[in-house]
Amino acid sequence: MSLRELSRIALFTALISALAQISIPLPFSPVPLTGQLIAVFLAGMLLGSKNGTFAVLVYLMLGAAGAPVFSHGQGGLGILLGPSGGYLLGFLPGVFICGKLLEKHQQPVILRTVAAMLCCLGCTYLAGTVHLALLMGYGFAEAIVAGILPFLPADLAKIAFAATAGLRIKRSIAAAGLLMKSEPGGG
Amino acid sequence: MTRNLTLGIYLPGKTALHCLDPRTKIAGASGLILLLILTNNYAAYASFAAFTIALILAAKIPLRFALKGLRPMLPFLAIMWVFQLLFQKPPGAAVIFSWGIINITDAGLHIGTLMSIRVLLLFLVTTILTLTTSTVELTDGAEALLRPLQKIGLPAQELALTMVITLRFVPTLAEEAEKIIKAQTARGVDFGRGNFIRRTFQLFPVLLPLFINAFKRADELITAMESRCYTGGAGRTKMKVLRMGRSDYLAWVVFAVFAAIQVVLMIKVGRPY
Chain A
1 MSLRELSRIA LFTALISALA QISIPLPFSP VPLTGQLIAV FLAGMLLGSK NGTFAVLVYL
61 MLGAAGAPVF SHGQGGLGIL LGPSGGYLLG FLPGVFICGK LLEKHQQPVI LRTVAAMLCC
121 LGCTYLAGTV HLALLMGYGF AEAIVAGILP FLPADLAKIA FAATAGLRIK RSIAAAGLLM
181 KSEPGGG
Chain B
188 MTRNLTLGIY LPGKTALHCL DPRTKIAGAS GLILLLILTN NYAAYASFAA FTIALILAAK
248 IPLRFALKGL RPMLPFLAIM WVFQLLFQKP PGAAVIFSWG IINITDAGLH IGTLMSIRVL
308 LLFLVTTILT LTTSTVELTD GAEALLRPLQ KIGLPAQELA LTMVITLRFV PTLAEEAEKI
368 IKAQTARGVD FGRGNFIRRT FQLFPVLLPL FINAFKRADE LITAMESRCY TGGAGRTKMK
428 VLRMGRSDYL AWVVFAVFAA IQVVLMIKVG RPY
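So the protein sequences, as listed, match chains A and B.
Numbering follows our numbering, with no gaps: position 166 of the first sequence is 166.
Positions in the second sequence are counted from 1; adding 187 to them yields our numbering.
Extracted from the complex, chain B is given alone in its bound form:
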């Protein structure tokens, strides 16, 4: 929790990608994710990977930042890949390797590899979005995109305000938890000792005051907001108004061309197994 919460994993910058309207970026990332889910062959994945790398270069993101979050995922992906290799046996698939009871089919190999590539690219695309857009911008964008849902009862504006208030309180509560842990340690609670049931229940004297204090803080927050004349979401104006510009329209053209290429690749090449 030491990292700056309002920035999240955002890398400040001034590239074209950073300056796009957050709505364009959210919708574009969603479109790319949809394309990725539909992709079914190596050629289409290769072209997708090329596009992703182009985006990373265009945003001037150092590669080590883009890949940082991948590391904890790798062992998981490796296990998944082996799983697919061992258990994926659709009828009619050719056995390419056989040793004892282990039979590996070509379909298993292809499915395992394609899925792993998909997860890696999925992660990269979404990482580019969060690396080039700050949390507050994304909140604004999400609020704007969710506003039509307000008619069916989703309080988009209030949810966006709640997000911002939460950001303010996470460090406070984390600090408070730390204080309570220290206070209880001073009173003789031995955290991190004993079997896991005992360890779980050692959280008891931490959680109770934390939750009860949270309710008290919520009441204090109401007083603070009411004394500053907060009257609800209706009629509130923004300091920064979102506007679509020429670069946004250009981004849409680029996306449409890329999507067309991907669809052609998916249909022409087809799945390899």
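Chain A extracted, bound-state conformation:
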């Protein structure tokens, strides 16, 4: 891992932690809108599969070690293993796939970006639901009702947001000459 990669991973982990603290209450859902998922999408898109995965891994390790980096200033291994922990663990394969799908393209079209982020969301949901089902002894249908439906509308809005924001950020950092040689569009 080069120093440049290391520092970017650290900054992105910090971004995920900071964005997880933003919380906007929604009128129709008990689950508030947090920026965590947006930051995870962008980590995959802007850092690529390997470094994006490391950023999420460090985030989860920090959270497990008790730093209050999860949403609402929560932290501790209990959160990671508790009812909603599966979603956090699902970020790992999610961000890897999202990065893999996007890292070959200097400026991916919006459709491809959205598709990659949907894959990431799919991984998150899959891991979250399986974890919930195993932990609570749920059946398949119950787990979907309790674990996916309440989150779906807000998460789709986050994808729309992250895709547009990601493309603009990518353009800006390319214009500012901040891309690495090894990175898509760099050099």
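Each statement offered as a hint is correct.
Label pairs and their in silico Cβ distance ranges: (1) Ile240(B) <-> Ala174(A): 50 to 60 Å; (2) Ile144(A) <-> Ile289(B): 19 to 29 Å; (3) Leu134(A) <-> Lys455(B): 24 to 34 Å; (4) Leu118(A) <-> Gly457(B): 42 to 52 Å; (5) Ile448(B) <-> Ile144(A): 32 to 42 Å.
Listed next, the stretches of chain A that the computed footprint assigns to chain B, with coverage defined by at least 3 CB atoms under 8 Å from CB atoms of chain B: (6) 2 to 15; (7) 38 to 51; (8) 57 to 66; (9) 70 to 78; (10) 81 to 88; (11) 133 to 144; (12) 169 to 177.
Hints in this document: simulated from the structure, not taken from any laboratory.
Don't be surprised by glycine CBs; every beta carbon is placed ideally from N, CA and C.
Add chain B to chain A, keeping to what the hints say.
Relative to chain A, chain B alone:
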């Protein structure tokens, strides 16, 4: 984000539990979690709960700290319990309550209750770990435990360094986000108004500068580290070297005895439904 990040939810103390090697504590907590997942009856859960309470007392953790994180989880657990009650109908289970279309089986009641106890204990055990071990200690411990994985390409040392750097930057970025929000408000962005799609997109003028600045900061960090002659993880020494002591071996004996009791309870008593 006002709480001290390096401390996390750590409660400083000098009890035997605080002073154990973090590796012992991480491995011990993992072992306890494994036991908890395998536990299948009330007697074994009761003995596990007794052990957990003994740990809390030994660490001199005020009960209100240990239970603090549980409160937001309770409504969730209650809903889950009702779910189990209504929908858990394995073939051959006896119906113990029936009203209209609602049939509650004894298996549903048992599964719901056992699962809720499991989640509560799982949370307590992991909370004890993070209450008695600081984030930095846990980082050191995790690095030491992950080091064997370095051979298959997991950069354990670099990841540990990244964790520490991240801790340093979270408050900086949170502060910066706040500054940007204030600056944009002064320019007329009305945060927190309108429907939720509009609210989501109000984050746009906050996120863009935040992310682009993060890339700039990363470059500044490289310059700072290189000018201090950082050459990578290899050959770095530690100020505090982890050492296993007599209390660690004692902790392992206690854990082994407790695990044996639990396994006997699980096999002898069996599941109640």
